[in-house]
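**Student:** Letter by letter, the chains look like this.
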Amino acid sequence: MEQRLLRFIDVLRKHDVRVSTAETLDAMQTAAAVGYDDRELLSGALSSALAKTADDKPTFDHCFELFFGLPDRDQSGAKADEAADSTADTGNDAPPEEPAAAPAATDAEVAALLDNPELEPLLNTSEDQLGVALEQAATEANLDDMRFNTQRGLFGRRMQDAMGMQTLERTISALRELETDQGDAAVNWLQARRQYLQSSVRDFVDRRLLMNANYEGRQIREQALRSARLSALERHQLKDVSELVRKLARKIASKHRRRMHRDKRGRLDVGKTLRRSLGHGGVPFKLYWKKVKRDQPELYVLCDISGSVATYSRFLLLFLYSLNDVVPKIRSFVFSNHIAETTELFDNEPPEKAIETAWQKWGLGSSDYRNSLAGFNELCGDRIGHNATIIILGDGRNNYGDPGLEIMQSLYHKARLVLWFNPESQSSWGTGDSEIKRYQTACHAVAECNSLAKLERLIDQLLRTVH
Amino acid sequence: MPQSTNAATAIDALVGKLATQNYIANRQIATTVWLAQQLERPILVEGPPGVGKTELANAVAAMLEQPLVRLQCYEGLDESKAIYDWKYSKQLLYTQVLKEQLGDIMKGATGLKASIERLQEFGDIFYSDIFLEERPLLKALREPAGAVLLIDEVDKSDYEFESLLLETLADFQVSIPEIGTIRAAVKPLIFLTSNNTRDLSDALKRRCLHLYIPFPDQKLESLIVRTRVPEVTAALRDQLVRFVQQLRQLDLKKTPAVSETIDWARALLLMHAEVLTDELVESTLNLLLKFEEDIENTQPELRAMIKQAQE
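Read top to bottom, the protein sequences are chains A and B.
This note's numbering applies: residue 20 is where the first sequence begins, and numbers increase by one.
This note's numbering applies: residue 956 is where the second sequence begins, and numbers increase by one.
Derived from the structure by calculation, the hints contain no laboratory data.
Everything numeric in this text was worked out from a predicted model, so none of it was measured.
C-beta: ideal position from N, C-alpha, C; glycine also.
A couple of the hints might just be wrong.
Every beta carbon over 10 angstroms from chain B, so not counted as near; a handful from chain A, in silico [unchecked claim]:
(1) L25
(2) R37
(3) V53
(4) L133
(5) D134
(6) Q148
(7) A193
(8) V260
(9) V302
(10) N418
(11) H432
(12) G449
(13) H463
(14) E475
(15) R476
(16) L482
Below are the PhoX-like pairs computed for lysine-lysine, each with C-alpha atoms no more than 25 angstroms apart in a straight line [to be verified]:
(17) B:K1245 to B:K1262
(18) A:K372 to B:K1209
(19) A:K348 to B:K1208
(20) B:K1036 to A:K309
(21) A:K266 to B:K1245
Calculated Cβ distances over 10 angstroms to all of chain A for the following chain B residues [stated by the list, open to error]:
(22) A962
(23) A963
(24) I998
(25) G1002
(26) G1063
(27) A1069
(28) Q1075
(29) Q1128
(30) K1160
(31) T1182
(32) L1225
All chains, please: the whole structure from these sequences, using the hints.
**Tutor:** If you want it as structure tokens, here you go:
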């Protein structure tokens, strides 16, 4: 059973539930404490030992269902009773029920044929043992190599071979040749048994395909999404990307969180404590601590939400707001022909909804960088200082208008860092109405940013410099 | 087979015992608590606010007849407030006293070397138990008959505080550099609660069993109200629970929690209500919904919901 549990944990991992070795040991202890018989109890107990976030719980339930998803105990119990009443009829397509126990074989020859050690694991009626046998056969048949729907038959065959189904076949034909009543009864029983086993194998293979194929498919999809140009995404992919963004954000967050916090209280201020103690005759009643003063870095994000750049803005904002516990205070702005602050909107609403609202409210109109920059300068120009990092996301296409370079320059001189993320590929910078080459002179860095992979790298670097 | 049966009986018994403490637990909750006792693991309890996370720790403490030691987390909480601190003022006073006593101690010692040897013999009580100020974690570990330790809203604490907790969570001990390691006499049962305002570290999660308490379903919530406010008539109880369950389906800024259902039931009781009526709901809705916008947004659907609740 332990092997089975390990396989289950493997499946959980493939479904993105993070299970550490320590937790694996926990799960073993847990299972040992509650036993394997009560499925509901086992599920509840393992869930508390293995699925450690609210998001993981449904995934866990799903995997548990797939993996331990044998028929309900009550149901199978009832079926077994039925089967005991009337000999199992094996002709129809309905999932065959587990045959009743072996008919008593008093005939020496029949008993001798049935008493075959190779046959024993196949005839053992306990579900657990069957599970173990299936697992073993799966390992022998390299079932994890199965990728496609069409391979089901092949792997099913291999599984059956590995389980020693041929021995069963041989025994059946040997029994038939005996041509005795007891022999026929045994044949009937073995045939029912064979059908039951075959259907168990089929179910097992199907479930395994479901578990593995999902995982493989998802991995490939995520890889593709990460390097795809964001503007090329279809509407229905947005949800997947949002999830991926959140996943990437979590990864980056855990990397940077550690460095963010440092001593806040500081050490005992000996000088001050002694000085103040003079008033009490040198008895230091009150202690003074050195305060560590740290400037809170500020992040200003300006996103162009006109036309094709909008998709990128969407993901930049989503990314940054998914990082809310490592990124310092963000003030966000969106612009097309004038600027609007969205900080409050994002503070109050979940990112996706906030983005939709911002889009509907301010997304119309063609880009006017000068007007937007001037607006920004008016709103928070005074506050930009040596803590401020400004990120502008836009293509720098200003419809041949005044780019407002002098405003950018004044920001550039005041702020600690001015970054420009440009979704256009480098080759098209400066062509047509693109002013990006001119803006480049007033930025610390201009980076091409047109896929999630690039966005991830940029934000990683950004966090390294900001803290 | 007997193993599962044993576990199942123990868990059912636990549900019953918690019920005598007025805490209605579902099987998942009882299973996790039982496992925590068996495996000696802390429990990390998550769930929306007001579903009884803190209450669970209270009930378990009362059930085990052990003291509940509570540590409320907040930003900036550090070891001197959570684990231990030195009684600085007393230590400083002690040095003053020592200064006066020094003459007696040093009597007869001549030369620097002899004095230092004499000082060595003199016990070092500056950093000792006498001046140790116990904070919740240490207190829970030192409780002679065991205790239930509740670390409330651990997500509000800083990231590095989580690391401080790890030693206690994994090995039931704390290390004080000046004294050494203090182990728990009796391992306390530890509950951590989190409202998920931020992701907790994997290291912390790894050491805990995880329990997610969702909003209860109608049956369970009805049972909770019955236990908490037994005076409410059955008819009213069913109606008000059904109404709250419907409210939770709406998009609200703050979804009403179980604690709010109970408050509402109490309020309705005070108003001698027998059944839900439109006026009654409208005049008491602010007990359930804490934001003006939420109240406004539900207005259009209010009548229909009350009607459905009355059926």
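**Student:** The structure should be examined with respect to each hint, and the outcome stated for every one.
**Tutor:** Evaluation of the provided hints:
No Cβ of chain B comes within 10 angstroms of the Cβ of L25 of chain A; the nearest lies about 18 angstroms off, and the non-interface call holds. Here R37 of chain A does not stay apart from chain B, with its beta-carbon only about 7 angstroms from theirs, under the 10 angstroms limit. The claim that V53 of chain A lies off the interface is violated: its Cβ sits roughly 4 angstroms from the closest Cβ of chain B, which falls inside the 10 angstroms cut-off. For L133 of chain A, the shortest C-beta to C-beta distance to chain B comes to about 27 angstroms, beyond the 10 angstroms cut-off, and the non-interface label holds.
The non-interface label for D134 of chain A is consistent with chain B: the shortest C-beta to C-beta separation is roughly 27 angstroms, beyond 10 angstroms. No beta-carbon of chain B comes within 10 angstroms of the beta-carbon of Q148 of chain A; the shortest separation is about 14 angstroms. Every Cβ of chain B is farther than 10 angstroms from the Cβ of A193 of chain A; the closest lies at roughly 36 angstroms, confirming the non-interface assignment. Consistency note on V260 of chain A: stated as away from chain B, and its beta-carbon is indeed over 10 angstroms from all of that chain's, at 20 angstroms minimum.
Here V302 of chain A does not stay apart from chain B, with its beta-carbon only about 6 angstroms from theirs, under the 10 angstroms limit. With a closest Cβ-Cβ approach of about 39 angstroms to chain B, N418 of chain A is found to remain outside the 10 angstroms limit, as its non-interface label requires. Separation of H432 of chain A from chain B is adequate, the least Cβ-Cβ distance of about 35 angstroms exceeding the 10 angstroms criterion. Residue placement check: G449 of chain A keeps its beta carbon more than 10 angstroms from all beta carbons of chain B (closest about 42 angstroms).
No Cβ of chain B approaches the Cβ of H463 of chain A within 10 angstroms, the least distance being about 29 angstroms, so the stated non-interface status holds. The beta carbon of E475 of chain A is kept farther than 10 angstroms from every beta carbon of chain B, the shortest such distance being approximately 18 angstroms. Residue placement check: R476 of chain A keeps its beta carbon more than 10 angstroms from all beta carbons of chain B (closest about 22 angstroms). With a least beta-carbon separation of about 15 angstroms from chain B, L482 of chain A lies farther than 10 angstroms from that chain, consistent with its non-interface assignment.
A distance of roughly 23 angstroms separates the Cα atoms of K1245 of chain B and K1262 of chain B; the hinted pair therefore holds under the 25 angstroms criterion. Annotation: proposed proximity of K372 of chain A to K1209 of chain B holds, straight-line Cα distance about 17 angstroms (limit 25 angstroms). Between K348 of chain A and K1208 of chain B the CA atoms are separated by roughly 23 angstroms; this keeps the pair inside 25 angstroms, and the hint holds. Between K1036 of chain B and K309 of chain A the alpha-carbon distance is near 18 angstroms, which keeps this suggested pair within the 25 angstroms criterion.
Restraint check: the Cα-Cα separation between K266 of chain A and K1245 of chain B comes to about 33 angstroms, which exceeds 25 angstroms; the hinted pair is violated. With 10 angstroms as the threshold on Cβ separation, the claim that A962 of chain B sits away from chain A is violated: the shortest Cβ distance comes to roughly 4 angstroms. Chain A draws A963 of chain B into its interface by the beta-carbon criterion, the shortest separation being 6 angstroms against a cut-off of 10 angstroms. With a least beta-carbon separation of about 8 angstroms from chain A, I998 of chain B fails to lie farther than 10 angstroms from that chain, contradicting its non-interface assignment.
Look at G1002 of chain B: its CB is around 8 angstroms from the nearest CB on chain A, not clear of 10 angstroms, so calling it non-interface is violated. With a minimum CB-CB distance of about 28 angstroms to chain A, G1063 of chain B clears the 10 angstroms threshold, and the non-interface call stands. With 10 angstroms as the threshold on Cβ separation, the claim that A1069 of chain B sits away from chain A holds: the shortest Cβ distance comes to roughly 28 angstroms. No Cβ of chain A comes within 10 angstroms of the Cβ of Q1075 of chain B; the nearest lies about 26 angstroms off, and the non-interface call holds.
The beta carbon of Q1128 of chain B sits about 18 angstroms from the closest Cβ of chain A, which is more than 10 angstroms, so the claim that it is off the interface holds. Against the 10 angstroms criterion, K1160 of chain B falls within the reach of chain A, whose nearest CB is about 4 angstroms from its own CB. With a closest Cβ-Cβ approach of about 22 angstroms to chain A, T1182 of chain B is found to remain outside the 10 angstroms limit, as its non-interface label requires. Remark: the non-interface label on L1225 of chain B is consistent with the geometry, its nearest Cβ contact in chain A lying 34 angstroms away (cut-off 10 angstroms).
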